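Participant: Chains as they are written, first to last, in my numbering: chain W, 1 to 915; chain F, 1 to 554.
Since the hints were derived computationally from the structure, they do not count as laboratory data. Since the structure is predicted, the reported quantities are computational estimates derived from the model, not experimental observations. Glycine included, each C-beta is placed from N, C-alpha and C at the ideal position. Hints are supplied without guarantee of correctness; some may be wrong.
Quick list of in silico lysine-lysine cross-link-like pairs, DSS-like style, CA-CA up to 30 Å [what the hints assert, rightly or not]: (1) Lys39/F / Lys850/W; (2) Lys3/F / Lys184/W; (3) Lys34/F / Lys141/W; (4) Lys141/W / Lys376/F; (5) Lys376/F / Lys64/W; (6) Lys66/F / Lys184/W; (7) Lys412/W / Lys34/F.
Derived DEER-like restraints, expressed as beta-carbon distance ranges [unchecked claim]: (8) Lys39/F / Lys465/W: 49 to 57 Å; (9) Gly67/F / Leu143/W: 30 to 38 Å; (10) Ile27/F / Glu380/W: 31 to 39 Å; (11) Lys148/F / Lys412/W: 47 to 55 Å; (12) Pro202/F / Glu380/W: 41 to 49 Å; (13) Lys39/F / His384/W: 34 to 42 Å; (14) Lys39/F / His568/W: 49 to 57 Å; (15) Lys294/F / Lys465/W: 45 to 53 Å; (16) Lys24/F / Leu143/W: 32 to 40 Å; (17) Lys24/F / Glu195/W: 20 to 28 Å.
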Amino acid sequence: MKKVAYINNRPFAIEEGETILQFVRRYHGKNAVPTLCDAPNLDPFGSCRVCSVDVALEQGGKTKTQASCHTPVQEGSYIYPESQNIQKLRKNIIELVLTDHPLDCLTCEVNGNCELQDVAARVGIRDVRYPDGENHLDRKKDLSHPYMTSDLSKCINCYRCVRACDEVQGQFVLSMAGRGFDSKIIKGMDETFFESDCVSCGACAQACPTSAISDIFQSKAVKATEKTRTVCTYCGVGCNLEVSTANGEILSIQAPYDAEVNEGHTCLKGRYAFGFYNHEDRIKTPLIKRNGKFEPATWDEAYDLIVSKFKSILETDGPDAIAGISSARCTNEENYLMQKFIRAVVGTNNIDGCARVCHSPTALGMQRTFGTGAATNSIEDLKHTNCILVIGANPTSGHPVTGARLKQFAMKDGNISIVIDPRRTELAKYATYHIPLRPGTNVAVMNMMLYYIISEGYVAEEFVKNRTEGYEEFEKQVLATDINGMAKIAGVDKNLVREAALAYARAERAMSFHGLGVTEHSQGTFAVIQIADLAMITGNIGRKGVGVNPLRGQNNVQGMADMGVQPHQGAGYLDVTNPDVNGLYNNFYGRKVPSHIGYKIPEMFDAAIEGKLKALWIMAEDVVQTDPNTHKVRKAMDSLELLVVQELFMSPTAEMADVILPGASFLEKSGTFTNGERRVQRVNQVVAPLPGTKPDGQIVVDVMNRMGYPQPDYDPAVVLDEISQIVPFFKGIKWAELGKNGKQWPVKEDGTDTKILHGEEFKRGKGRFVFNEFAETTEIVDHGREFPFILTTNRELEHYNCGTMTRRTNNVKILTEDTVMVNPADAALKGVKDGDSICLISPRGKVDLKARLTDEVRQGVLSTTFHFPEIMVNELTGDVHDSEAKCPEYKVVAIDFRKSKGLVGRKVGEMVEVN
Amino acid sequence: MSKNLSELSGRKGLKYNLFDELGKLAIEDGTPNKDALAKAADEFLIGKANTYGTASFYDFMRPENKGKKAYVCNGSACLCAGTQDGVRTELEKHYKADEIGDMCCLGRCHENGAFHIDGKNYSAKTAAEIAQIATNGKQNGVQGNQDKYAIECYGTQVLTAPFPGVDAYYELLLSMIERGQDACLEDIKKSNIRGRGGAGFPMWIKLDGCRKQDADQKFIVCNADEGDPGAYTDRYLLEEQPHSVLFGMMMAGFITGADYGAVYIRAEYPEAIEITENAIKDLYAKGWLGENIKGTGFNYNFKVIKAQGAYICGEETALLNSIEGQRPEVRVRPPYPVVNGLFNKPTIVNNVETLAAVHYILEKGGDNYASIGGGKSTGTKLLSLDSHFNKPGMYEVDMGTPLKEVVYNIAGGFKKPVKAVHIGGPLGGLVPTHKIEDLTIDFESFAQEGFLLGHASMLCVPEEFPMVKYLEHLFEFTSHESCGKCFPCRLGAKRGSEMFHKAQNEDYKIDRELLNDLIHTMETGSLCALGGGVPLPIRNGLMYFEDELKEYLS
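Start from the sequences and build out the full structure, keeping to the hints where you can.
Facilitator: Quick look at the structure:
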């Protein structure tokens with residue numbers, strides 16, 4: 001028998017633990033009970049009391065008025081949501097609210113979309129009977145911030161903004177000050193938004209039921225004629241966005257509450273940094289470089305030039321003289337087409353993508369260990385885990401929505417959080433254990449962790465026995481680790497490492513997350529393997545709340561790799577050298593596809609300089625600015641006969657191109673992005689491409705056809721259908737069936753998707769243990785003596801990568817420059833003060849930057865961002881790569897530094913010639 | 001209420017307590033400076049808005065308190081006694097006007113003329129006395145303090161019994177530990193003691209609920225934020241019988257598995273804080289606190305938390321938020337504190353007087369205690385009587401004692417004509433003198449007659465004191481003390497006080513229907529007993545003093 005309670009004397013089944021509000025709304029809809037302080041993503045708060053209902057223990061019995069939002073529904077109770085008593089109460093509460101609220105609805109920005117207005121209308125307010133009294137209508141507007149606004153004369157003290165800032169973002173920027181009638185919302189210590197520590201996530205603006213807190217886009221106004229659901233283009237979290245438009249122009253963006261990925265939250269990039277899409281800098285016509293200058297051209301002219309050049313190179317130098325770099329910013333369908341063009345139309349495996357410079361070691365390391373190079377679990381598993389291990393990642397800046405969830409997790413007592421990072425990141429401040437290792441020593445520290453787990457008897461023996469191979473040898477090698485030696489090398493307290501290792505091992509469910517602080521090292525792949533080893537050795541695989549979860553950097557870096565954008569694996573990660581696979585591809589594409597591995601990106605640069613690579617087609621990627629050792633990259637670009645660049649904006653790479661093709665932004669096209677948890681989600685076109693531009697997929701299709709390969713016009717549904725026939729784990733993915741929240745691959749033919757990988761067995765059968773010893777990077781071995789400091793790189797929340805997009809939005813008003821973090825002790829040594837310009841010197845070059853003194857970095861380590869490319873931090877970075885996946889070692893640069901001299905007439909951050 | 005803030009504050013817990021630290025930051029200037037608040041925020045990993053928001057809530061930390069040197073009591077008893085204008089006038093001769101602030105009830109209701117200087121409370125009758133205290137107090141602290149009131153017992157001596165000395169008194173702890181938790185809880189259950197803070201909730205249910213929680217840490221919190229103007233029972237117990245309270249807390253800890261007790265005492269009672277702290281020091285010195293007390297394996301520690309001036313902290317969930325250094329706004333229930341209390345850990349919150357009875361109950365047995373009084377109201381009750389009685393003071397009576405016996409015999413009747421006795425604090429019932437003979441001192445009798453026993457303070461409204469002014473005072477008090485969280489109380493109390501003020505000072509008559517609607521809204525809609533409680537005396541006033549009030553009503 002289901003337990004029941006009664007609504008207006010009719011019985012309805014109740015659910016365990018639900019509130020009266022949830023219960024009544026479940027049966028009678030959202031409007032069954034009016035509310036003001038309640039919000040879908042916030043805990044019950046009980047301030048407005050508008051949700052009150054009458055409750056009796058027997059039919060028609062004596063009633064008690066209870067706030068439905070925070071009162072659990074009792075079995076057998078009789079609920080009267082609209083009794084006369086309740087109607088009167090609600091009306092009288094709203095009347096009180098209106099004694100301190102401006103009655104200027106018609107001119108208010110949220111007129112027509114105001115919860116107070118709705119509730120007031122609903123309860124039937126005619127007039128306010130109270131005599132004029134004290135009020136707060138003279139409060140000033142705060143328009144200080146590039147995005148956030150407030151007009152607290154409209155505030156009804158529901159605390160939704162305060163709670164959103166706390167419960168969703170975890171930032172504590174907002175609170176209430178004063179008490180009683182005089183209490184008011186404050187930012188920081190009663191400052192403006194701009195002066196406060198606000199991270200501009202906009203959760204408060206979205207939460208506010210009136211226009212007391214809003215944003216410059218007036219995102220709650222009803223001006224929009226259309227709303228389109230799509231997926232954010234920034235990081236790999238894959239937030240769903242609801243974009244409001246009118247007359248083909250974007251007005252504002254909000255985060256849908258029913259999005260599984262972001263549950264009504266997003267960050268300032270997703271919500272506010274969309275202004276780049278119609279920025280005046282957009283390239284609006286194909287450009288052909290003639291006599292060193294770009295001249296506007298028609299699409300036909302541009303295509304003709306590209307096709308004739310490709311054809312002549314093919315004739316004289318063969319297909320391997322041509323290469324393509326695809327883009328993690330573009331859709332799966334576009335990536336698929338790009339690799340198809342390179343493989344089937346050009347006839348080479350010279351296709352690679354930016355994953356090379358970020359998570360290629362993740363893909364490789366996890367493939368070697370598990371058989372699949374993707375996150376084993378889902379972000380929602382955070383609701384089920386007991387322990388998080390975050391290595392080399394700063395998610396509160398790099399992956400803000402996941403970062404906020406991790407921070408929420410870390411704040412709760414009883415949860416274990418372990419952060420392994422040279423910097424005291426935001427998350428590290430809240431962590432149970434923070435291991436501040438020297439950059440480049442992940443492998444040393446993780447071998448120590450493995451050592452303690454094994455030597456102290458915390459190995460999940462059943463799991464290891466049944467599910468893995470190679471353990472015995474592995475164990476022997478781990479136990480031979482020189483613990484004291486490793487602790488010294490990494491500069492860590494071995495007891496801290498021990499405690500953290502045992503805490504991870506003891507947790508019933510432990511999840512790991514890692515970022516580029518793991519991969520962008522000479523031992524990047526080995527470190528990924530160790531993370532996988534840690535999971536296997538503790539049995540943290542194949543269940544809810546466990547697993548290995550790389551925080552993928554770009555919106556579609558997962559999808560790009562899935563689509564075959566790498567030189568050794570085609571669409572669906574099939575080995576191009578395998579004759580069966582080759583046959584399959586030949587057959588499917590209807591062309592002869594090569595079976596030898598092509599160039600990885602760094603190899604492309606080498607080949608270009610050596611004269612072996614003649615033509616390069618880059619889709620939406622700025623290698624000159626973002627790849628290491630800028631000089632070498634430029635030299636490579638200079639050596640090419642043909643450089644084609646598809647771009648939104650003129651970039652340093654585009655400037656070196658022979659032909660520039662104007663692509664379209666994510667807001668102007670459709671397709672799918674695959675986020676870091678393998679979730680394939682629909683990107684829906686919000687507005688038409690700017691006149692003169694084309695979706696990148698269409699550009700590829702145009703060239704394919706002109707090269708003689710018949711490919712229908714770009715239509716994601718059609719391309720996805722093609723993909724589903726060749727990529728095994730996309731088998732059941734249909735454009736029309738992806739719904740609002742997409743599907744997580746592998747998707748079976750019947751359409752069922754997969755939240756957790758490796759449940760019964762690993763993709764490769766048994767999980768494979770392989771031991772790798774710590775080896776110092778040659779960067780330090782060769783240059784450490786002369787350049788005794790280590791420069792590492794990090795991200796800031798406000799900017800994305802080299803800032804191509806974010807710097808064309810108001811984000812640039814929030815964070816205006818790159819700085820370098822220096823430990824105060826190191827700074828004292830060099831006589832550097834906070835805000836001084838310092839010169840960083842590496843074996844490759846020099847760069848001037850403004851110093852920010854902070855103990856977030858340990859002594860001997862400096863850290864900088866690279867969002868402002870004019871600084872050209874990559875002048876400093878070297879040529880060391882991960883030994884396995886060839887990912888560049890951005891995270892360890894041997895440097896020295898000094899206070900800058902002779903800055904007169906030179907701007908901070910200006911490029912300095914290398915002597 | 002923020003779960004996160006509870007957790008983050010809980011990381012440092014009671015030992016290095018956020019609220020305590022914020023209080024210290026305010027000592028020098030009367031309000032913490034912003035740099036110090038920012039530093040505290042960093043240290044506790046919370047927002048600057050949080051430390052600032054908290055500080056701005058309390059009378060003795062908010063920016064407006066900066067530079068205050070003397071405080072005049074503005075509690076109801078002193079108001080009705082009409083002594084405070086004189087006190088202020090006299091103090092202004094010694095302090096600048098903006099150096100003088102208000103404090104709401106120093107618990108000198110038995111003699112009035114109360115004020116506070118340099119961390120000490122005084123009550124003075126004459127200008128000369130005030131002048132002497134102001135001069136001496138400024139120079140060397142003390143002197144001139146009166147604070148004399150009768151302390152008598154007219155039934156079973158439970159709470160007013162003489163203290164036999166620490167070792168003799170705490171012997172019982174050892175035998176009770178030997179008896180075990182179940183037996184102790186059983187006695188509390190049998191005693192049927194109900195919470196003395198006003199709500200009358202059975203003590204054993206809380207203890208039992210908390211005991212059943214599986215948690216690594218539990219807390220016992222003593223609610224000594226006796227904010228009700230007119231009440232000084234808790235002050236009496238902490239100043240004169242501190243060990244009865246501490247012992248009760250230790251036993252509650254033993255029964256529930258809590259090893260930490262926090263005594264939250266209002267700043268308006270500086271002497272109570274000092275005396276309690278000294279009593280705890282004494283216990284440590286004699287080996288009755290700490291780890292493995294007297295070899296029993298039982299651990300217990302105390303922390304005295306000095307409040308900072310906010311009536312709402314007497315509400316238990318606001319009190320918990322307060323200790324955590326959050327804004328003391330009322331939490332929603334469930335979860336109840338016994339499940340999710342201080343720092344989100346299972347917590348018992350009991351009133352001083354409830355805890356003080358535990359020694360007697362365990363020593364004499366639950367049945368013995370239950371035999372005092374009767375029905376659902378067992379045991380004895382302390383009554384604090386204000387200066388309008390011929391014998392003001394603290395009286396312990398058995399539950400069930402007729403009110404007229406208290407008023408006319410024990411306290412010797414009124415000094416001057418009185419029209420109503422406000423019993424049980426500002427949220428208690430306003431009892432017109434003719435109803436005195438219908439009431440007995442117990443929860444049921446008061447509830448039946450449409451009043452509330454509450455904490456059983458008795459405060460007289462003199463015949464000449466206008467009822468309209470008294471009701472305005474009640475609304476104003478509520479408005480001043482409202483935490484501001486729930487709409488009915490935050491807005492309703494303000495509008496109520498404005499209406500009553502206007503009616504006395506302008507050509508305005510209160511719309512009776514509107515007033516009824518307001519009372520209904522606050523009573524049925526408020527989140528806690530402050531907004532929900534003040535309608536009771538307002539209603540009593542309207543009902544029993546209609547003749548006097550009707551000229552202000554339409």
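Participant: State for each hint whether it applies.
Facilitator: We went through each hint and held it up to the structure:
no.: 1; hint: Lys39/F / Lys850/W; result: holds (25 Å)
no.: 2; hint: Lys3/F / Lys184/W; result: holds (21 Å)
no.: 3; hint: Lys34/F / Lys141/W; result: holds (23 Å)
no.: 4; hint: Lys141/W / Lys376/F; result: violated (56 Å)
no.: 5; hint: Lys376/F / Lys64/W; result: holds (22 Å)
no.: 6; hint: Lys66/F / Lys184/W; result: holds (20 Å)
no.: 7; hint: Lys412/W / Lys34/F; result: holds (28 Å)
no.: 8; hint: Lys39/F / Lys465/W: 49 to 57 Å; result: holds (53 Å)
no.: 9; hint: Gly67/F / Leu143/W: 30 to 38 Å; result: holds (34 Å)
no.: 10; hint: Ile27/F / Glu380/W: 31 to 39 Å; result: violated (48 Å)
no.: 11; hint: Lys148/F / Lys412/W: 47 to 55 Å; result: holds (52 Å)
no.: 12; hint: Pro202/F / Glu380/W: 41 to 49 Å; result: holds (42 Å)
no.: 13; hint: Lys39/F / His384/W: 34 to 42 Å; result: holds (37 Å)
no.: 14; hint: Lys39/F / His568/W: 49 to 57 Å; result: holds (55 Å)
no.: 15; hint: Lys294/F / Lys465/W: 45 to 53 Å; result: holds (52 Å)
no.: 16; hint: Lys24/F / Leu143/W: 32 to 40 Å; result: holds (38 Å)
no.: 17; hint: Lys24/F / Glu195/W: 20 to 28 Å; result: holds (27 Å)
Going through the hint list in order, the structure does not satisfy hints 4 and 10.
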